[in-house]
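Student: Going down the list, the sequences are from chains R and W.
Counting from 1, one number per residue, gives the positions in the first sequence under the working numbering.
Counting from 1001, one number per residue, gives the positions in the second sequence under the working numbering.
It cannot be assumed that every hint is accurate.
Said to hold, decoys possible - DSSO-like cross-link-like pairs, simulated, lysine-lysine; straight-line CA separation at most 27 Å:
1) W:Lys1280 - W:Lys1211
2) W:Lys1042 - W:Lys1159
3) R:Lys229 - R:Lys145
4) R:Lys131 - W:Lys1150
5) R:Lys131 - W:Lys1280
6) W:Lys1280 - W:Lys1188
7) W:Lys1152 - R:Lys131
8) R:Lys131 - W:Lys1146
9) W:Lys1211 - R:Lys131
10) W:Lys1211 - W:Lys1314
11) W:Lys1216 - W:Lys1281
12) R:Lys145 - W:Lys1146
13) R:Lys180 - R:Lys66
14) W:Lys1032 - W:Lys1042
15) W:Lys1065 - R:Lys131
16) W:Lys1065 - R:Lys145
Unchecked claim - Which residues of chain R face chain W? A few of them, derived with a C-beta cut under 7 Å, are:
17) Gly124
18) Ser136
19) Gln138
20) Ser139
Please keep in mind that the hints were generated in silico from the structure rather than gathered at the bench.
Note that the coordinates shown come from a computational prediction; the quantities given were computed from them, not determined experimentally.
Here a beta-carbon is modelled for each residue, glycine too, at the ideal position from N, C-alpha and C.
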Amino acid sequence: MARFSLSLCLLFSVLTLDAQNKGGLKIHFVHPVGDYQMLQLDSGFVFNQKDSMVIHSLRYYISDIKLFQNNLEVYSEINGYHLIDLSDPSSLYIELKLIKGIHYDEISFNLGIDSATNTAGALGGALDPSKGMYWSWQSGYINLKLEGKSNVSPQFGHQFQYHLGGYLYPNLAIQNIRLKTNRKLGSELNIAFDLEQWLLQLPFNVQQHIMSPSKNAVQISIAAAKAFKVWDAYKN
Amino acid sequence: MGRLQKLSFVFLFCLLISVLAFIKTEEFTVPKNWPVPAYNFKNNPLNASCIALGRQLFYDPLLSKDNTISCANCHLQYTAFTHVDHALSHGINDSIGTRNAPALMNLAWQSNFMWDGAINHLDVQALAPISHASEMGETLGNVLQKLRTKQKYRTLFFKAYHDSSITGEQTLKAISQFMLTLVSSNSKYDSVKRQQSKFTSQEKRGYQLFKTFCNKCHNEPLFSTYEFANIGLPISKTLNDSGRLRLRITQNANDAFKFKIPSLRNVEFSYPYMHDGRFKKLSEVINHYTQGIQRSATLAPQLEKPIVLSSNEKVDLIAFLMTLTDKRFLFNPAFGYPK
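Work the whole structure out from these sequences, hints included.
Tutor: Here's what the structure looks like:
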């Protein structure tokens, strides 16, 4: 059912493409785990052709969205912090209010929360510490949270938990992502977080728990950032 | 313009001013000759309703998983908001933590918290005890759920924020507001500085010794630089606490065995002393500085040279430290259990 509604969503988004060019841009984050297969939480899938895996939770922050046209910034979201949570379908969409007729050929955003925001005390909205994306024993946001089970994890119940964050050098985990959109105009942009590509680089058999800022957390964050793509391009 | 008109203008102006004064947010008063606070009040302007809400939260065991432990369990007003008589503080299910609860006062002048400085802002400090398994063992999300079921809190939040949705940000900022009001600046030392009273000759001698041996780290008027230092305490084999080095804090070997320098204000009542509460009496603390220092690579440079004090001098020094007791702070009804 979930898969059906997801394909319906995608179909709907394709149908509405360019149809309502009212000056808004709707960004949709999709999470493929293989060819045309989308991640569904709590449901098993085969990955790397042999490993079985279940993802229970995938949540991450997207912040500071900017649009460029010929390398010139044409849009910058003010105070834009978004929590993408796979268990909340409405969170997979970010709507930007653009000036009508604005053209862009590149999008840039951060995966995670900048250092200044990490030291600004208690914040609200997507940044509210009650969202479960804030470390309590040491201040700082968790930029990306992935929890699940993998048959290669030797831990109890084959579990793994990766909580990636860190706002201080040298364990600064925030990643900037800049993608060519290959489209001049459009009211919807689908961005894929290619999980298959990212999961292949996670140390499921060596390190199943990352819960604090570290070198490995930074490495895995870099790998995650590289797995973001403009979905339309990815399909072709 | 007629005289009556003029007068009515003046009257209206005065009325406007008094109304503005009435709705104005509370000013945070910085005691004379004190430094500028580190806390940014612009992002959380003090207001009487928020402070009242924060005080309710501070004293409410609802913040813990089994509704038994409030902030005040380990931070009691009469002992400068620390856990008297407990070397290591304890939380839910009688579990014992690994460190001594710090005294809470003059928090507006501090920019990092906990013995190892792991917390970078007062607003997010409360998250640590709320979620620590040996303290309150709860999540902020659950606390909010519980608060939302209480009419009392829906009313208090509405009064404070004109909104009764009860968010994490509102909750944490209200707790901050109450904690920010915990200013201790009315000890005998302060009145001497304000030339309202005089030290005894013994206190005066103690003050001289203090300025010779202690003032570099416990500097006036806050009686701490709030930096981190290794004071050469022998390492407890059971706790094996490396302080700021803890893998997750700075991961820098230069920080080994460094702990946050506590303020000496109200030190008469904030026993036991040190991060693990190993010393019960001030005389034990002073004896550590004169005889107990263990040398290591990260020992505070101020302690390189041995401190030599006669037994009379030790008594004088303690007499001075007693002048840092602020009874108005310790017994201020505005800080106590809310009626």
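Student: Against this structure, judge whether each hint is valid.
Tutor: Each hint tested on the structure:
1. W:Lys1280 - W:Lys1211: Satisfied, since the Cα-Cα distance of roughly 24 Å is no more than 27 Å.
2. W:Lys1042 - W:Lys1159: Roughly 20 Å separates the two Cα atoms, so the pair holds.
3. R:Lys229 - R:Lys145: holds, 19 Å
4. R:Lys131 - W:Lys1150: Holds: R:Lys131 and W:Lys1150 sit about 21 Å apart, inside 27 Å.
5. R:Lys131 - W:Lys1280: violated, 41 Å
6. W:Lys1280 - W:Lys1188: holds, 23 Å
7. W:Lys1152 - R:Lys131: holds, 24 Å
8. R:Lys131 - W:Lys1146: Distance of about 16 Å is within 27 Å: holds.
9. W:Lys1211 - R:Lys131: violated, 48 Å
10. W:Lys1211 - W:Lys1314: holds, 14 Å
11. W:Lys1216 - W:Lys1281: holds, 22 Å
12. R:Lys145 - W:Lys1146: holds, 26 Å
13. R:Lys180 - R:Lys66: holds, 12 Å
14. W:Lys1032 - W:Lys1042: holds, 21 Å
15. W:Lys1065 - R:Lys131: holds, 18 Å
16. W:Lys1065 - R:Lys145: The given pair, whose Cα atoms are some 24 Å apart, holds under the 27 Å limit.
17. Gly124: holds, 4 Å
18. Ser136: holds, 4 Å
19. Gln138: holds, 4 Å
20. Ser139: holds, 4 Å
The structure does not agree with the numbered hints 5, 9 stated previously, though it agrees with the rest.
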